[in-house]
Amino acid sequence: MNPKGFSLVELMVVLALIGITSTIAAVTLSSNDARLRAAASDFRFSLEKAKQEALARSLSVGVDFYDPASFDCNGDGDTDERDRCYITYADQDGADGFDPEQDVEIARTSLPSSLVLSDATGLRFSPFGGSRAASMEMRTAFRVDYHRCESQCMTVSYPIRVNHVGRIEIGEKEETCASCSLCESCP
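Quick note, our numbering runs 9 ahead of the 1-based positions in the sequence shown.
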């Protein structure tokens, strides 16, 4: 640095470093967001499929959530905290909840450990495609390398709503700073 200020080379180096850091942060954010958006879209598709199965079979079709499941949900041979899934089934016995002895399993979908599906309770679609109103949220937490969040941990979530006539929609993305305990490691 000369007495009159920064040289052009010093300014170019600083601007290049800022640009590289911003690019890395944007790529990290967009890849995490894309994975979450894809998972939310897949989940919405599973609910739409359950509704269509109810119409096609003229039976109630349920979607039950297990986090963690009391059975081997992910097919690895162990029953542990990694057994997180939701099961779509044709309700043959009319009782609440999935009964593997009576009900017909249509699909079983594992949830990645990085995703949280909150406020999820069992959903039922009637033979006419209707359902009770429900609101859930799919979210993930990840570390960010820039200082938008003091904790360097951010959660991104999408609300998922089902209305009483069976319409399923994904709401707008919500981003919030979170406690670093939600991320894999604190700084």
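Just so you know, the hints here were simulated from the structure itself, not pulled from any lab data. Note that the Cβ used here is the ideal one computed from N, Cα and C, for glycine as well. Careful: at least some of the hints might be erroneous.
Stated by the list, open to error - In silico EDC-like pairs for lysine to aspartate or glutamate, Cα to Cα no more than 16 Å straight-line:
#: 1; residue 1: K58; residue 2: D102
#: 2; residue 1: K58; residue 2: D73
#: 3; residue 1: K182; residue 2: E159
#: 4; residue 1: K58; residue 2: E146
#: 5; residue 1: K182; residue 2: D42
Said to hold, decoys possible - Now the in silico label distances, taken between C-beta atoms and shown as ranges:
#: 6; residue 1: G131; residue 2: T30; range: 41 to 47 Å
#: 7; residue 1: I27; residue 2: N172; range: 41 to 47 Å
#: 8; residue 1: D76; residue 2: D42; range: 18 to 24 Å
#: 9; residue 1: E19; residue 2: R46; range: 25 to 31 Å
Status of each hint after checking the structure:
1. Between K58 and D102, the direct Cα distance comes to roughly 20 Å. Violation of the 16 Å bound is thereby established for this hinted pair.
2. For the given pair, K58 sits about 14 Å from D73 by alpha-carbon distance, which is consistent with the 16 Å threshold.
3. For the proposed pair K182 and E159, the alpha carbon gap of about 21 Å is over 16 Å, so the pair is violated.
4. Pair hint K58 plus E146 does not hold up; C-alpha atoms about 19 Å apart against a cutoff of 16 Å.
5. Using a Cα cut-off of 16 Å, the hinted pair K182 and D42 holds, with the two alpha carbons roughly 9 Å apart.
6. For the pair G131 and T30, the beta carbons lie near 45 Å from each other, so the given range of 41 to 47 Å is met.
7. Between I27 and N172 the Cβ separation comes to about 46 Å, which falls inside the hinted range of 41 to 47 Å.
8. In this structure, D76 and D42 meet the distance hint of 18 to 24 Å, their C-beta atoms being roughly 22 Å apart.
9. Range check, E19 to R46: Cβ separation about 41 Å, and the 25 to 31 Å hint is violated.
Against the hints set out earlier in the document, violations occur for numbers 1, 3, 4, 9.
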